[in-house]
Amino acid sequence: MTRDYEQALHDMDHFVKGFNDYHLPARYSHPVVIEMLRRIILEGRAETIDEALSVLKQDLKDADNTKVVSREVYEQIVTVKPMFTVADYK
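First residue of the sequence shown: 180, per the working numbering; consecutive thereafter.
Because the hints were derived from the structure by calculation, they are not lab data.
Treat the hints with care, as some may be off.
[To be verified] Calculated cross-link-like contacts (lysine to any residue; reagent style SDA-like; alpha-carbon spacing at most 25 Å):
1) Lys196 - Ile228
2) Lys246 - Val195
3) Lys269 - Pro210
4) Lys240 - Phe198
5) Lys260 - His202
6) Lys260 - Ser249
Just need the whole structure built from these sequences, with the hints factored in.
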């Protein structure tokens, strides 16, 4: 499974390198992550993609069973938090 994961990351990294203005690391190129970043910027919590990614990483680190969130936000968190955890939030 690790080999398949690493191959998928390699393939995605190769794919996104074709887009000069693409600032998101390939490992986080998921529609839910992109939507969460967009929302962070629209809420005024960040001005750039890099800033929004830092905010999102902190939000995900802070997300635990003591926080109350909507069902939609919960579903987004459980979808993307494993990607960030496996990558050690890099």
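Quick rundown of the hints versus the structure:
no.	hint	result
1	Lys196 - Ile228	holds, 16 Å
2	Lys246 - Val195	violated, 34 Å
3	Lys269 - Pro210	holds, 19 Å
4	Lys240 - Phe198	violated, 29 Å
5	Lys260 - His202	holds, 19 Å
6	Lys260 - Ser249	holds, 16 Å
The structure fails hints 2, 4 (numbered hints given earlier, in ascending order).
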